[in-house]
Amino acid sequence: MTWGLLLQAVVSGLLLGGVYGLVASGLSLIFGVLRIINFAHGAVMMLAMYATYWLFVLAGVDPYLSVIVTAPLFFVLGVVIQKIVIEPNRAAAEHNQLLLTLGLALFFENLALVLWQGDFRTVKVAYSGASFMLGDALVEVTRLVASAGAVLMAVGLFALLRLTDVGKALRALAEEPEGAALVGINVSRIRAASFGLGSACVAAAGALITPFFYVAPDVAESFNIMAFVVVVLGGMGNFVGALAGGFIVGLAESLGAAFLPGSLKQLVVFVIFVLVLLLRPQGIFGGSRGR
Amino acid sequence: MSLLEMTGLTKRFGGLLAVSNFDLSLDAGEIVGLIGPNGAGKTTVFHLIAGFHEPTSGEIRFKGGSIVGAKPHAICRLGLTRTFQIVQPFAGLSVIENVMVGAFNRERDAAAARHLAAEIVDFVGLGARGNAPARSLTLSDRKRLEIARGLATRPEMLLLDEAMSGLNPTEIDEIIGLIRRIHARGVTLLIIEHVMQAIMALSQRLVVLHHGEKLAEGAPADVARDRLVIEAYLGDSA
Amino acid sequence: MALPPLLPKYHLEVLISVIFWAYLGIAWNLLGGYAGQFSFGHAAFFGIGAYTSTLLLLQAGLTPWIGMLLGGALAAAFGLFEGYLSFRYGLKGPYFSLVTLAFAEMLRVVSVNTKAVGSSLGLVVPSAKAAPAMFMFAGKLPYYYIILVMVGLALALTWKIGRSRLGFSLAAVRENEDAAETAGVDALGTKLRAMALSSFLTALGGTFYAQYFAYIDPTITFGPSVSIGALLPAIVGGAGTVLGPVLGSFVLTPLSELTRYALRGRAGADIMLYGAILVLVISFLPQGIVGLVRERRVRAGRR
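Protein sequence lines correspond, in order, to chains E, P and R. Our numbering numbers the first residue of the first sequence as 10 and each following residue consecutively. Our numbering numbers the first residue of the second sequence as 282 and each following residue consecutively. Our numbering numbers the first residue of the third sequence as 8 and each following residue consecutively.
None of these hints come from the bench; they were simulated from the model. Treat the numbers as computed from the prediction; the structure is a model and nothing was measured. The beta carbon of each residue, even a glycine, is placed where N, CA and C say it ideally should be. Incorrect hints may have been included.
Simulated DEER-style distance windows between Cβ atoms [stated by the list, open to error]: (1) P:Gln366 - E:Gln126: 52 to 60 Å; (2) P:Asp503 - R:Glu302: 54 to 62 Å; (3) E:Ile77 - R:Pro133: 53 to 61 Å; (4) R:Pro133 - E:Phe141: 50 to 58 Å; (5) P:Arg462 - E:Ile93: 39 to 47 Å; (6) P:Gln366 - E:Ser272: 34 to 42 Å; (7) P:Tyr514 - E:Lys177: 51 to 59 Å; (8) R:Pro139 - P:Ala393: 26 to 34 Å; (9) R:Ala67 - E:Gln126: 55 to 63 Å; (10) R:Glu20 - P:Glu400: 53 to 61 Å.
Simulated pairs of lysine-lysine, DSBU-like, Cα-Cα distance not exceeding 30 Å [stated by the list, open to error]: (11) R:Lys122 - R:Lys136; (12) E:Lys92 - R:Lys147; (13) R:Lys99 - P:Lys352.
Looking from chain R toward chain P, a few residues come up when the C-beta cut is under 10 Å (computed) [claimed, not checked]: (14) His18; (15) Ser126; (16) Ser171; (17) Asp185; (18) Ala190; (19) Gly191.
Looking at chain E on its own, in the form it has when it is part of the complex:
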């Protein structure tokens, strides 16, 4: 284990961590407002990655630019899903709501499998291989852009939540559902918007990673687990926590990959997950509400 390898692991971890943070922010937002654990989050991301792929292959649209199209598109998809499937069942038992999103996840993941098979597809842009050295560590440009873009979007999300009316309504609904209705907030519309916004975030994250991450139906599951771990670590409903948690998990995974053989790095993430759930379920930074 050389310093060079260690540095590489840290750099890689931080880069991927930014993306995890963005994915998790969307999930955290959905939980904060709707109080559901959205199992379909990874599936939406996967679909967005396919959308990015097809836009690239069929219309030559650069993946980073395509965010302008995919983010709003998946905002709408999110709203539709929330209105048709989730909202009608808002009074159902907690475990049933979880099963609902699980059903959606299974449906979308396998829809992709049926339509496009399980082959790995890649988006190869001109700058896919570009990289530079940071000391002993190799930094791929695509990863850097993805991470920076993700952090930027997360910051944008925070700004939206703090400064805009919609954002304030979202936060109000997350903290005081009954009070929010009393002050005239259109509760059902904001609830739909939260799912839409969460989906847009994860869609953007998906688009950002296509230049260096393969596109396939099983991407959904890996990012799903990752998102849950980050959100639980950062605290459900805590957006700053989600971003910070993203970096922590990214680092943990990356360091795990450096020290452990094979695919055992995944174990590191799961162990962290279980430990946090058992010992500090409100997350390192505490959630908007306790368990």
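Knowing the structure of chain E, use the given hints to seat chains P and R on it.
Chains P and R in isolation, oriented as in the chain E frame:
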């Protein structure tokens, strides 16, 4: 030896001191009322006795043995059980099945448990609705069910938390009658109540709690005349 | 039950599949439906069962009939470990589900990375010649009878528990844990008992699978398809009921076979259908098929 004895009972939630240095003893066969303005800490005292919270400090002894740190089900097995302020029936089960859960504490066999449960269900006056799903009961009947479930565990002591809240005068009278019959069976009672006529009529002794501290204790008539008690209620009525 | 020997091979296979998933559903139901603790990671126990009996067979020549019981015991121990950690730390609802998922995934990752258990290549179970004492049979028919007996025993067990003290404790814990404790029910102990039974039975199913299909690998045994396949029949048929998982499997399994047949070569079509069904069932039939039947009966009784 007292049946239930609390000494120096204190409970702190973060910065909030919910119960402070509370002493109370009950001898077997007593009916004691616990009153106080809203937020005084009465239900917290119940939570502490029944094992839902652990005291920050202080001692609770039941039948001579400490029950601090014991789980609620263990305390129930010892012979102390409680009802909840907001009734908690097993909604998906029938009335008899609800009570059977309690009865299984004393009977291992399902048939015997059902027999005991049926007897208790009759005793509390729900005999006609034995097979009805618990969720279909009126509030008054749910309160009876809650009490029945507790009685089926054959307690020596029962903690009743606002059994009358939300009931109309007729229903209140019925519950008062039920409580008297329970007492006649030899069950010691500690009752939290806001309905003043009821608690005055039932209690042999009253204890007043205010901001987590014992404010007064004694015969109901004396406590009612106590100036501090009157001030506490009037002052906090806002 | 005299019909099966007359069934064409394919139909017998489907029937075995139906009963197999019904069995797993019944096992899951004990923890999920009766105790109300929704596990998303039952594959952990399935895999422990499959790998334990198979490894003992391959390494020590031990008959899977015994290996099955050892696998069950090991799975029960793991279940108690998992359950104790979760319940002792107060994990409920979705958080419990997530933890069970994490544990199953951890076992999967560990097996993929462990050469001794075959890594991702998995293990092949010898099945060349028939050896009933070693849980190996020539045709499919014996397997049919075995899984039928297993399902029968599981059903009997579920039915008996439902009417017993444990059954009432489970229902109480499921409905309202605090109230259950007050009524003298040891919530932690009750949940752990359900976990031990559920994981033991699930592991037996793992051994059956290994002997029937003669091949296991980490994804097949520890993967989400088993976890989801175990809970679906109970949810669709009616969680917390004796026959729910059986009904659910009789609906779901043939549907999945039909879908796979109709969309030949299109992997995932059957699971896609499962996803849609799950959404529809939760939305319109949250109590499952049994719940629907009960509701009709109650309404008919009122008229």
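Hints, one by one, checked against the model:
Roughly 59 Å separates the CB atoms of P:Gln366 and E:Gln126, a value that falls within the hinted 52 to 60 Å. Separated by about 57 Å at the C-beta atoms, P:Asp503 and R:Glu302 satisfy the suggested range of 54 to 62 Å. Remark: the range hint 53 to 61 Å for E:Ile77 to R:Pro133 is upheld by a beta-carbon distance near 59 Å. Restraint check, R:Pro133 to E:Phe141: a C-beta distance of roughly 55 Å satisfies the suggested window 50 to 58 Å.
The beta-carbon spacing between P:Arg462 and E:Ile93, approximately 55 Å, falls outside the hinted interval of 39 to 47 Å. For P:Gln366 and E:Ser272, the Cβ-Cβ distance of about 52 Å falls outside the hinted range of 34 to 42 Å, so the restraint is violated. For the pair P:Tyr514 and E:Lys177, the supplied restraint of 51 to 59 Å is violated, since their beta-carbon distance comes to about 41 Å. Separated by about 45 Å at the C-beta atoms, R:Pro139 and P:Ala393 break the suggested range of 26 to 34 Å.
Taken as a hint, the range 55 to 63 Å is violated for the pair R:Ala67 and E:Gln126, whose Cβ atoms sit roughly 41 Å apart. At roughly 55 Å, the beta carbons of R:Glu20 and P:Glu400 sit within the given window of 53 to 61 Å. A hinted pair counts as satisfied when its Cα atoms are at most 30 Å apart, and R:Lys122 with R:Lys136 qualifies at roughly 27 Å. For the suggested pair E:Lys92 and R:Lys147, the alpha carbons sit about 48 Å apart, so the restraint of at most 30 Å is broken.
Among the hinted pairs, R:Lys99 with P:Lys352 is consistent with the structure: their alpha-carbon atoms are about 18 Å apart, no more than 30 Å. Residue-level restraint check for R:His18 is violated (minimum Cβ-Cβ distance to chain P is 38 Å; threshold 10 Å). Proximity of R:Ser126 to chain P is violated relative to the hint, the smallest CB-CB distance being about 45 Å (cut-off 10 Å). At about 6 Å, the closest approach between the beta carbon of R:Ser171 and any beta carbon in chain P falls short of 10 Å, and the interface hint on this residue holds.
Look at R:Asp185: its Cβ gets to within about 7 Å of chain P, closer than 10 Å, so that hint holds up. Because the closest C-beta pair between R:Ala190 and chain P is about 4 Å apart, less than 10 Å, the hint holds. Because the beta carbon of R:Gly191 sits about 4 Å from the nearest beta carbon in chain P, less than 10 Å, this interface hint is met.
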